[in-house]
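Colleague: Next come the chains, spelled out residue by residue.
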Amino acid sequence: MTRTVNPWSVARALLLWVAALTVTLPLLWVALASVKSPAQLNDPGLVLFVPNLDNWARVFEAGILEAAGRSAMVAAVTVAISVVAGSMGAYAISAYKAGGAATRFGILAAQVLPPAVLVFPFLTMAYALRLDSTYIPVIFAHLSFVLPVITWFLIGFFDAVPRSLEEQARVDGFSRFAAFRLVVLPQVLPGIGAAAIFGFTLSWNDMFYGLILAPTQETILPVAIAAFNTFRGVELGAMSAAIIIAVVPVVIASFFIQRRLVQGISGGAVKF
Amino acid sequence: MTFRWAMLAPVLTITGVAVGFPLGYALYLSLTDYRLTSRGAPDFVGLDNYFFVLTDPRMWNAFSNTAIYVIVAVALQTVLGLAIALALQKQKWARDLTRAMLLAPMFITPIAVGLTFRFLLNDQLGAIPAALRTIGISYDFFGPSNALVTLAFIDVWQWTPFMVLLLLAGLESIPRQPLEAARVDGASAWYTFRRVVLPLLTPVLTVAILLRSLDALKVFEYVYATTRGGPGTATETIQYFTYQTGIQFFRLGEASAVAFVLLAIVMTLIVILFRRLQRSAAR
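For the record, the sequence lines run as chains A and B.
Heads up: the first sequence begins at 1 in my numbering, then just goes up one per residue.
Heads up: the second sequence begins at 1 in my numbering, then just goes up one per residue.
Think of the hints as simulated: they come from the structure by calculation, not from any bench.
Don't be surprised by glycine CBs; every beta carbon is placed ideally from N, CA and C.
Incorrect hints may have been included.
Claimed, not checked - Under the rule of at most 20 angstroms between Cα atoms (straight-line distance), these lysine to any residue pairs were calculated in the SDA-like manner: (1) B/K92 with A/V18; (2) A/K97 with B/F3; (3) A/K97 with A/V18.
As the list claims (entries may be wrong) - Chain B stretches covered by chain A per the calculated footprint, using a threshold of three residues with CB under 8 angstroms from any CB of chain A: (4) 60 to 68; (5) 119 to 125.
Generate coordinates for the entire structure from the input sequences, incorporating the hints supplied.
Modeller: Below, the structure written as structure tokens:
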């Protein structure tokens, strides 16, 4: 049997190669820049050189790990609250049609509000309640977009759980909440895991709220990265190292959750 | 309280505190002359802020910049995203790795993406202008007439993966029978795509375009990282303009008014698209 070359499959492979290179090259360039000396940074074409770790020492000195730790803390609290409230809410919406289509759609609407609308009230409230040196205003601000996304995403997963499971548990004498917690919830655990990681990256990546609401002296990661761009001129090498520190964990996370994301979205999140 | 409302209560409460209350407070701010710098109680000024911002040419400039940005970015993302999603769906070898790799940009913090491209495209230090110069092309990515399009391209780099994600999910939930029927009837790939796949994909496509447009309207990080609104006001977007008015010039009243004008436009867009979606779903 002779194999004919299908022009469509050639175009398909070509497209994927070009896309993969477009994604990879900028990140490789940043990785290279992070191990270049200031003089080497002036030569953009330079690929072969002796790498040095000065920039990495600089960013660690500048407290990038502490900033990353604060971002992780903010994201963890945001996600913990969102997962508990979101899974309960998503279940009520999916199984009991609580609040009807208005809630199902209204949850999404909360997520599309421009941050510029909400940020000034958060700011004045933070000052009025003397919370401006804490991370509570940032966490609340992050809840305003992480909670809707997690809830919306989980609705799709709960839709896929057969109702008979819960009914069986009720016959066996479980209370409604126990049936939810002990029988239905374990069914959507992979979905919750993916939603939690996705919500974590949303919070981890936000700069706008962090810039305005986080304590100035002890800021969160995206704001710390941006700071290499303004203070003492631009420290391109150190900034590149900081970017790599921010990028690596989320890229690793994305590898593990991409299949669940596709599944969750096709499971109902893009249906209204 | 019934079980379903008890289960929904935490979401509703948190949304009320984190969204409802600030929203109401912002509405109040937009009707006062509130400034971060003044100590006394703010005065109620009615719709003055709205009259002021609606006649401010800088606000309209920010609106038109944002509109151009959103249209260019989302149009490119839709076409590229659809092509890549179709290609990925048929791919068999190293499936998870390719998918994870192609989806990676959407997980990266936008400020990092903005800064990366600021230097990658920089006239003196950037690798891309340097590469273009070796083949005799000179292009200033952040020049007055190019900067806005450059920002839109950064958006395309980061968010085409989101389109791919949604469309891939849509493609995988398309039922197999119509596709098989088309194949049995001997329909060409292009014909099948146009007459079978595309109509079935329309609802997902609409949602994807809607979500991306609403998100692109919020563009802030790329502007903050690259041009800070310049050259002149060529890349000043609404979100950036609001940030400047409120945070840098301390005029919270006016800034909130701009935010509400934006919100009115966003809500109109949602309602129009939602109606169309319902109509296409009913058909």
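Colleague: Now look at each hint and say whether the structure bears it out.
Modeller: Each hint, compared with the structure:
At most 20 angstroms may separate the alpha-carbon atoms for a hinted pair to count; B/K92 and A/V18 meet this at roughly 18 angstroms. For the hint pairing A/K97 with B/F3, the CA-to-CA distance comes to about 12 angstroms; that is within 20 angstroms, so the pair holds. Distance hint between A/K97 and A/V18 is unfulfilled; the C-alpha atoms sit about 45 angstroms from each other, more than 20 angstroms. Under a criterion of three residues with beta carbons nearer than 8 angstroms to beta carbons of chain A, the stated coverage of the stretch 60 to 68 of chain B fails, only 0 such residues being counted.
For a cut-off of 8 angstroms, the count of residues in the stretch 119 to 125 of chain B with a CB near a CB of chain A stands at 4, and the three-residue condition holds.
In this structure, the hints that do not hold are numbers 3, 4, in rising order.
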